[in-house]
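Trainee: I would like the entire structure built from these sequences, with the hints used as guidance.
Chain residues, written in single-letter form:
There are 2 protein chains.
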Amino acid sequence: MDTRTGLPVVGMVGGGQLARMTHQAAIALGQSLRVLAQAPDDGAALVAADVQYGDHTDLAALRTFAKGCDVVTFDHEHVPTEHIRALAAEGVKLFPPADALLHAQDKQVMRERLGELGAPNPAWRPVAEPADLVAFGDAQGWPVVLKAARGGYDGRGVWLVDDAAQAAELATTLLAGGTRLIVEERVALRRELAVQVARSPFGQVAAYPVVETVQVGGICVEVLAPAPGLPEELAVAAQQLAIDLATALGVVGLLAVELFETPAGLVVNELAMRPHNSGHWTIEGARTSQFEQHLRAVLDYPMGDTSLAAPVVVMANVLGGQPGGISIDERLHHLFAAEPGAKVHLYGKQVRPGRKIGHVTVLGDDLADVRARAARAAHWLTEGTPA
Amino acid sequence: MDTRTGLPVVGMVGGGQLARMTHQAAIALGQSLRVLAQAPDDGAALVAADVQYGDHTDLAALRTFAKGCDVVTFDHEHVPTEHIRALAAEGVKLFPPADALLHAQDKQVMRERLGELGAPNPAWRPVAEPADLVAFGDAQGWPVVLKAARGGYDGRGVWLVDDAAQAAELATTLLAGGTRLIVEERVALRRELAVQVARSPFGQVAAYPVVETVQVGGICVEVLAPAPGLPEELAVAAQQLAIDLATALGVVGLLAVELFETPAGLVVNELAMRPHNSGHWTIEGARTSQFEQHLRAVLDYPMGDTSLAAPVVVMANVLGGQPGGISIDERLHHLFAAEPGAKVHLYGKQVRPGRKIGHVTVLGDDLADVRARAARAAHWLTEGTPA
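Chains as they are written, first to last, in full-length UniProt numbering: chain A, 1 to 387; chain B, 1 to 387.
What the hints contain is simulated information worked out from the structure, not anything from laboratory work.
Because the structure is a prediction, the values reported are computed rather than measured.
Even glycine gets a Cβ: it sits at the ideal position worked out from N, Cα and C.
Heads up, some of the hints might be wrong.
[Said to hold, decoys possible] Example chain B residues on the side facing chain A (calculated, C-beta under 8 Å, incomplete):
1. Gly6
2. Arg20
3. Leu46
4. Arg287
5. Arg296
6. Gly341
[Stated by the list, open to error] Computed footprint of chain B on chain A, listed as stretches where at least three residues anywhere in the stretch have a Cβ under 8 Å from a Cβ of chain B:
7. 27-40
8. 302-315
Mentor: Printed below as a string of structure tokens:
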């Protein structure tokens, strides 16, 4: 407990933009997020009062960090499962627990468990040797999607494999490098959806409206809330699936379920157990932001209202463009002049091509209008030009 | 400029809840507010990464603080005018400028200037000796309102004086103690209103909707946005008055104009040149919060959209009740269970009777419902009981 405020202390391992925005939400709850960052220029370290430095793979650093925290949670999935188990055995309260988080860390574990639970998987199999991949592709039809079981994000650790020759070469190289692999059919998708739920230790679960995520090159560029034209029964099915998974896996905190919408129904793509890019729209677009909700969940507070704050909400990611050109400060001037209603979130990062440096959110009534405004606003920050 | 982010550095003198919530807004703009606090348990010092310590009346401390800030602004009105002038003469950019801020620091200066500008003052006069007060009361009718020209807030520095005998005694004591005084007629008010505007160095001004502020014992307990049943022409007149004052006084940043609504029209009560309690509703209730707007103004960014985010917004202050009883943490549990849509803002303060320790905001469609929910939510935090 923080004796200055009488409130429990939440620690977050990782100092990126998710910790940065969680700290922002924590302030309203009377909290000051304790952050384990790697460097003073990490997004959260730039803005939080209570920062420690250390590596998230270093058990001793994690142990020191956890001292005095009432609960420890995570900005990313990269803390080794065995470290989380070791600290839990020492009495540290960590959410999500290791047994839940494992399903967001390891795609093979996730696929196996989803299969046991009867949740909608694509066709898939583990790839122990190149022949497994070739056989799967020959049976399912090429191309197929090869994935590293651990460590991938934003399109990294995912390869589209076109034929048997490419499969044999790629799998040989990756397996020789020690990368554990699974392969999935390339799903005939209409579009990608995502749904966030939050679950408390008590077991309360609250679901956000289902959103559409628009991806380019494996990176999410835009989120539309609610998912346009999604039939009510599919929306309810997606929310129910996420609630069931959160409960079955024992998640505490946020669970983001990324989904493919296919002609045959929904298929689970990925799981994340933390605030997620597909939920950034909730900061202004829902009555309770995913960051506040994650804090409420790990603190075992009752969940907040997940209703939409406007009929249409669009979030557009800001990916760093080429360095040079007009400064970020000048870009903000132009953007704010052009779009007084656009809500900007910058993560305190240096611009590098393709790097997520922030996002913008626009609320309104008309999808085409809101989407165009969000795209223009993001373009100002990305390129320093309106379009 | 912050070389890590390429963005200008904003410094705020004072580490209270206004700096705390300004830092929260700064995070989204890619900023990290630099705060000059007095103690490590100041509300903003608990949450901000970039904190210096020093007294706001110490010119040397202010000078050190201002080094490396692109612009300096204020959490309160207590920085001596001569210090602001001295720093400005040394090239520091301070907003609002001393010549503007003086009107929020000194009630006599404010009344004189409002008179020159033709803005609606109550009947008033300076009180240089007790006889001035007695004569004013005899002429205007008792009771009258005696005010310290400087330093009052939340009902402090204001005395309701019932008759000539009390007037003579009180004025004698206060004047002997060195308190400069003015007296004002006791206005026959229907209710109190407030309007916020923000003005940039460029001269852009943006006005928020007019709100009703409900006071108990000189302390604001509730803000209703928009002011219920306010005729459109009065609302426009109030916004125009605030815009004209911001422009005439050369305000940069937020200006809050507190007004009396009387049978004869609007009368100016007080001015504040910073984010203000009467604007806390804007955090969730307007598209741009007053804290973001203040930052945009002092950074000379174009102003954000001031539209309401819902038809009815009610903010209720949380005043510390008697110490003891259930903890703030437990109160939060009960409040969140009872009101999932209530937005809580705690300031990191120890509970003391009557001390503002936070506020809650509720959005909705029906005034009576929203107001009841906000009151219940505030009551949970104040007293640890629902009503």
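Trainee: Determine for every hint whether it applies to the structure shown.
Mentor: Verification of the supplied hints:
Checking Gly6 (chain B) against chain A by beta carbon gives a least distance of about 5 Å; that is within 8 Å, so the hint holds. Annotation: Arg20 (chain B) was flagged as interfacial toward chain A, and the flag holds, the nearest CB pair being 6 Å apart, inside 8 Å. Interface hint at Leu46 (chain B): satisfied, since its Cβ lies 5 Å from the closest Cβ of chain A, which is below the 8 Å cut-off. Interface hint at Arg287 (chain B): satisfied, since its Cβ lies 5 Å from the closest Cβ of chain A, which is below the 8 Å cut-off.
Proximity of Arg296 (chain B) to chain A holds as hinted, the smallest CB-CB distance being about 7 Å (cut-off 8 Å). Interface hint at Gly341 (chain B): satisfied, since its Cβ lies 4 Å from the closest Cβ of chain A, which is below the 8 Å cut-off. Judged by the Cβ-Cβ criterion of 8 Å, the segment 27-40 of chain A is covered by chain B as claimed, because 5 of its residues qualify and three suffice. Counting residues of the segment 302-315 of chain A whose CB falls under 8 Å from any CB of chain B gives 7; the rule of at least 3 is met.
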